[in-house]
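Chains A and B, in that order, give the protein sequences.
Under my numbering, think of the first position of the first sequence as 1, with each following residue one higher.
Under my numbering, think of the first position of the second sequence as 1, with each following residue one higher.
Calculated directly from the structure, the hints in this document are not laboratory data.
Possibly wrong hints are sitting among the right ones.
Derived pair list, reagent style DSS-like, types lysine-lysine, alpha-carbon separation capped at 30 Å [as the list claims (entries may be wrong)]:
{"hint": "1", "chain 1": "A", "residue 1": "K119", "chain 2": "A", "residue 2": "K255"}
{"hint": "2", "chain 1": "A", "residue 1": "K96", "chain 2": "B", "residue 2": "K9"}
{"hint": "3", "chain 1": "B", "residue 1": "K70", "chain 2": "A", "residue 2": "K119"}
{"hint": "4", "chain 1": "B", "residue 1": "K9", "chain 2": "B", "residue 2": "K70"}
{"hint": "5", "chain 1": "B", "residue 1": "K42", "chain 2": "A", "residue 2": "K96"}
Here are some, though not all, of the chain B residues that point toward chain A, as calculated from beta-carbon distances under 8 Å [said to hold, decoys possible]:
{"hint": "6", "residue": "L24"}
{"hint": "7", "residue": "D53"}
{"hint": "8", "residue": "M60"}
In this text, all values refer to a predicted model and were calculated from it rather than measured experimentally.
Using N, Cα and C, we set each Cβ at its ideal position, and we do this for glycine too.
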Amino acid sequence: MTVAYPFNEPGSLELHEAYYEAQKTPGMLRVRMPHGEPAWLATRYEDVRFVLGDRRFSRAMAATHDEPRMQAGRVDSGILLMDPPDHTRLRTLVAKAFTVRRVEELRPRAREIATDLVKDMVAAGPPVDLVDMFALSLPVAVICELLGVPVEDRPKFRVWSDNVLSTSRLTAEQFVASRNELRDYMHGLIEDHRAAPRDDLISALIEARDERDRLSELELVDLCNGILVAGHETTASQIPNFLVTLFEHPESMAKLRSDPSLIPGAVEELMRFVPLGVVGGFARYATEDVLVGDVLVREGEPVMVSVGAANRDAERFSAPTTLRVDEPPDQHMGFGHGVHHCLGAALARMELQEALRVLLTELPNLHMAGDIVWKTELLVRGPLRMPVGW
Amino acid sequence: MVTMTWQLKVDENFCGATGMCAALAPDLFELGARDAHAHPVKPEIDPDELALDAADQCPMQAITVLEDGKEIGPRP
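Work out the full structure: start from the sequences and follow the hints.
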């Protein structure tokens, strides 16, 4: 039997009961998304980790198949549609900018940005929309400085970014038109950096292209756009998601307020606990017949994986539906697994830690001041607007 | 003729079992079951660019590649 997918309405952080049911049922589910061919859906930790970590599963093959997806249009290029060695070639070029060491050098600046944003919130007076005034502003400012994108272009690239991650709004033609506008925008920025190189990632990647011929012009454009989009929307969603979760767990909030040294561990536990994605991750295609658990996945069949479900697998985590901020989990998959493990994981961790640290220490009475409006048309869950007071 | 060998090391204090190395270079690195960290399949290998790629890409910077005791990866 093939079931309709995704299960969840995205207007919450709940993990649908169907995921827990699937974990208790042998084998994998057959699911059908609004567009594309039916797929297997892995929900157990072991199965998800296996599929993401085994090279017999390909992302590149999705380009020549009717990939399961939410909207008619589809992303048809970029690093998420590559396998090694092409994927390795591009990832090596950018990995250096996102190492733990490099990210630690950015921490003081991120803390300064976060502190200034809280000052702006206080100056504006409650209630303010935490999403607009803080959660988006922090990761946008950090990724813009790192990459070399003018932060004042935020209203422009926010529209394109939302369109890339949209689940319903656009026709296939509108999707392509929006993608092309984003490409044109980045192409212009690249030309600008070519004429006047500076100390940022766009300039470093231009050098890798022009002097070392390590990537094509389109790869350069798509890579920069991928980093810009992935570099802010996810973190911008998780900051309010983490706060919503902590408001629902006041004893956890109190622990973090009284001992901020728990925050790094709490970020790991919140990454495990909050199911960010509305759907399972991008489908992996079997390049040959592969056994996943006791299911034979035939060559050419797609498998989707639910990281959110895997992170709450009772076979892997004890009391998986309990939030324990003072007991960080061992090896959650909130940043994925395998060659496509989140490039910006260290950056996201650092920003989430600094965001919680500044919000909890500077605003000891931070609280909800109205109803949350949830995003309903994006691949990631999170508040669209979140009124807070303090 | 001098034959060079490379040595592979994974620092378990840094390794986060992201699976990057084992997925990229399954002949060189493997993950243990469940909680185990990544480790080299063999501690000494013939020179292989893929080992340097894995060291470069490890999100936790837990991999070191040495050539006759001298660190050559991750690359600067």
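Cross-check of the supplied hints:
1. A/K119 <-> A/K255: holds, 24 Å
2. A/K96 <-> B/K9: holds, 19 Å
3. B/K70 <-> A/K119: At roughly 49 Å apart (the allowed maximum being 30 Å), A/K119 and B/K70 break the hint.
4. B/K9 <-> B/K70: holds, 12 Å
5. B/K42 <-> A/K96: Distance of about 26 Å is within 30 Å: holds.
6. L24: Result: holds, 5 Å to nearest chain A Cβ.
7. D53: Where the cut-off is 8 Å and the nearest Cβ of chain A is about 5 Å from B/D53, the hint holds.
8. M60: This interface hint holds because 6 Å falls under the 8 Å limit.
The structure shown violates just one earlier hint, number 3.
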